[in-house]
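**Student:** These protein sequences, in sequence, are chains L and A. Note that the numbering used here has the first sequence beginning at 1, numbered continuously upward. Note that the numbering used here has the second sequence beginning at 1, numbered continuously upward.
Rather than coming from a laboratory, the hints here were simulated on the basis of the structure. All C-beta atoms, glycine included, are put in the ideal place defined by N, C-alpha and C. Be aware that one or more of the hints could be misleading.
[Unchecked claim] If you want the ones that stay clear, here's a sample from chain L, every Cβ over 12 Å from chain A, calculated:
{"hint": "1", "residue": "Thr55"}
{"hint": "2", "residue": "Ser157"}
{"hint": "3", "residue": "Ser167"}
[Unchecked claim] Estimated spans, in silico, between C-beta atoms of each pair:
{"hint": "4", "chain 1": "A", "residue 1": "Gly122", "chain 2": "L", "residue 2": "Lys275", "range": "24 to 30 Å"}
{"hint": "5", "chain 1": "A", "residue 1": "Pro88", "chain 2": "L", "residue 2": "Arg172", "range": "35 to 41 Å"}
{"hint": "6", "chain 1": "A", "residue 1": "Arg292", "chain 2": "L", "residue 2": "Ala294", "range": "30 to 36 Å"}
{"hint": "7", "chain 1": "L", "residue 1": "Pro271", "chain 2": "A", "residue 2": "Thr171", "range": "27 to 33 Å"}
{"hint": "8", "chain 1": "L", "residue 1": "Glu188", "chain 2": "A", "residue 2": "Asp269", "range": "53 to 59 Å"}
{"hint": "9", "chain 1": "A", "residue 1": "Leu362", "chain 2": "L", "residue 2": "Asp256", "range": "49 to 55 Å"}
{"hint": "10", "chain 1": "L", "residue 1": "Pro265", "chain 2": "A", "residue 2": "Lys112", "range": "47 to 53 Å"}
{"hint": "11", "chain 1": "A", "residue 1": "Pro88", "chain 2": "L", "residue 2": "Glu206", "range": "42 to 48 Å"}
{"hint": "12", "chain 1": "L", "residue 1": "Asn12", "chain 2": "A", "residue 2": "Arg102", "range": "52 to 58 Å"}
{"hint": "13", "chain 1": "L", "residue 1": "Ala294", "chain 2": "A", "residue 2": "Asp269", "range": "52 to 58 Å"}
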Amino acid sequence: MRIKLAKITLENITHSYDGKTNAVEDIDMTFEHRSRNAMLGPSGCGKTTLLKIITGLLKPTRGKIYFDDQDVTESPTEKRNVAIVFQFPVVYSMSVYDNIMFPLLNLKMSKEEKRRKVLEGAKPLGLTHLLKEHTSKLGPADRQRVSIARVLVREPSVFLFDEPLSSIEPERRVALKTEIKRIQEKMEQTSIYVTHDQTEALTFAEKVAVMDMGRIAQFDTVEKIYAKPNTTFVGFFIGSPGMNILKGYGKGDTIDLEDFTIKLPENIKLPQNIKNVNVGIRPEHVEISEREKAGWARFKVEAFEDLGKGFGILHVVTNHHKIRVRTSTFIKEGSEAWVDFPPDYLHLFDQEGKRIIT
Amino acid sequence: MTKIEVENINKSFLGKKVLDDVSFTVESGDFVSILGAANAGKSTLLRVIAGTLKPDRGKVYFDDKDVTDYPAQKRNVGVIFQTFALYPNMSVYGNIASPLRRKGLPGNEVDKRVKETASILGIGDILEKSPYELSGGQAQRVATARALVKDAAAYLLDEPLTNIDYKLRETMKIELKRVLQIKKSTIIYATPSPEEASVLTNNMIFMDGGKVIQTGPVKECFDAPANIAAAIHYSAPPMNLMDARVTRKDGKSFVSIADRLELDATHMDFLLEEDEYKVGIYPHNLFLSPERKGMLSIPMDLVLQELAGSEMTVRLRWNETGLTMYVPYERFLEKKVTVFIDPSDFYIFSKKTEGLITRYQLARER
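I would like the entire structure built from these sequences, with the hints used as guidance.
**Tutor:** The following block contains the structure:
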């Protein structure tokens, strides 16, 4: 039996729980065939609502959802053949073997083949030696393994992971991460990994949808999400720490930031109609020096966060700005520091925080 | 400002020892962290200092005065807990004002102090809100403001940032440091995070299994972890530990690490006898390029690359040993990775006692 794979299209999806505010709004996106995706955002951004809509647990107020070209908006969950791995592992009170066998029980398949499938599902998760154990004896990490193995044998069309690591013991997360990554790389199904943790999103997905207040702020490759954020929110949300945003005024080929000005790179021209801009620069791209340098802006060091790893975060301020710089240059609190924004690493956003030029 | 001293504190719950002969002194006005895992005894110790829990044995001194038998309200310490409850029937303002009102301060004085404290914590604009309307970070700030609004002899903070989402933690850390510095009080800050200890405080106390293992300036502790437990907790991700063995051959000594690497240890043989050891290296001391002269280059297999935008954690396999590398930038790696290590970043621990023996020293050239 060939697995039926699906690409998932969300068309104009809006959902409101109370009829007043929208939990998700105007979602238009496609998760391609065989792609690995993540939905990332802070709590309350709407990612769980969207996940419920994809699984069929929730019917959107407006909009359509397609699996391939088939409209499944009205189809119940069981018709969609989606597999979900939840935050809290779902296991039945029986042996590991029986748990993994469970979805196969009613399938027309020889006993031998069922057995083979259970073993196949158990193996990548390192459950082979635990098959006889009762699930009540397992800790959260192993229970999550069982629940993943069980959806693996089902051969669903789509894989959804809903914060699968958040309830796992920290010391066992790495092993489970490695297994999930390996399984993902082998499987042919489209997967969507929902999380509030940027590391998990960037680790497990090729494309990440960053959500902000019910909308998709950006749905892009891992590289682009970091290198070319569409909005100031995405710039801030990705990165550790997030992007610095400075309010300024465009004046020809320079931007006036009140305490100092920066010159735009030659290939970048601000559109005529845009005066108020937000300048973005990542903490790791800011250049900093203890000594005065021509053309660099003078800041004062407010604090230094020594991360204990040979580098840290310098917090530097002027009258109007406060920025963070990731550096191994330790400058004493209270002293002056000279700062430069290399043009290649500047990001320009408009007043509302939308990226101006790419 | 108060000097706080605890002396031979012992406490058991249901026959299980939670604090085991804990002694240390926090100087007046010092800002100290207690670093340790979830069950190290940090919270119990804070409760003993605050006076909400009586030790089975031992003494607590505030400015050399024995306060062991003083109830909490007589000790005048401000406490901020990891899980905090705000009064649901009061506004943010009412919550922050409550300790002052209980003390019977006049209304205008209360008003002044509440507004001052709220503005330091950046919550001046939500004073009229009810606790229900707050985000997690706002609620934590309100709880912090409530603890800081009164002048206390000392402040005890029990993992105030643990339950806050990581994006907010980024900014709250430094904000908290600023607020506490303004207070100029004695502060004890319990945390499981080496990063918070490093960022916030100068001195630290490391606890493990109810015992004090190491005390001193944070940087010095991190540079010389007293034992394996300390080494594991002084960095996130934790220090890599590998099996090692010292052997003597023809008047020379060698330390062999992970069955893969053999380093000359003849110049250190007064420290290392023929035996089994654990050799450790911090994840941030594994490099993707030769950062310094004389680094070893070691081929390893990539297991998993965890990306975080501006940094990454790389899980590697070296022969049979799993290693973690922390890299402060991002780069896509192939399945084979060449890792650079400065041998003087190796820590050598006794396998039996788990105590630190020495860092690997480079032989002096003669």
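**Student:** Could you run down the list of hints and mark each one as holding or not?
**Tutor:** Consistency of the hints with the structure:
no.	hint	result
1	Thr55	holds (25 Å)
2	Ser157	holds (27 Å)
3	Ser167	holds (15 Å)
4	A:Gly122 with L:Lys275: 24 to 30 Å	holds (29 Å)
5	A:Pro88 with L:Arg172: 35 to 41 Å	holds (37 Å)
6	A:Arg292 with L:Ala294: 30 to 36 Å	holds (31 Å)
7	L:Pro271 with A:Thr171: 27 to 33 Å	holds (32 Å)
8	L:Glu188 with A:Asp269: 53 to 59 Å	holds (58 Å)
9	A:Leu362 with L:Asp256: 49 to 55 Å	holds (53 Å)
10	L:Pro265 with A:Lys112: 47 to 53 Å	holds (50 Å)
11	A:Pro88 with L:Glu206: 42 to 48 Å	holds (45 Å)
12	L:Asn12 with A:Arg102: 52 to 58 Å	holds (55 Å)
13	L:Ala294 with A:Asp269: 52 to 58 Å	holds (55 Å)
Hint violations for this structure: none, all hints satisfied.
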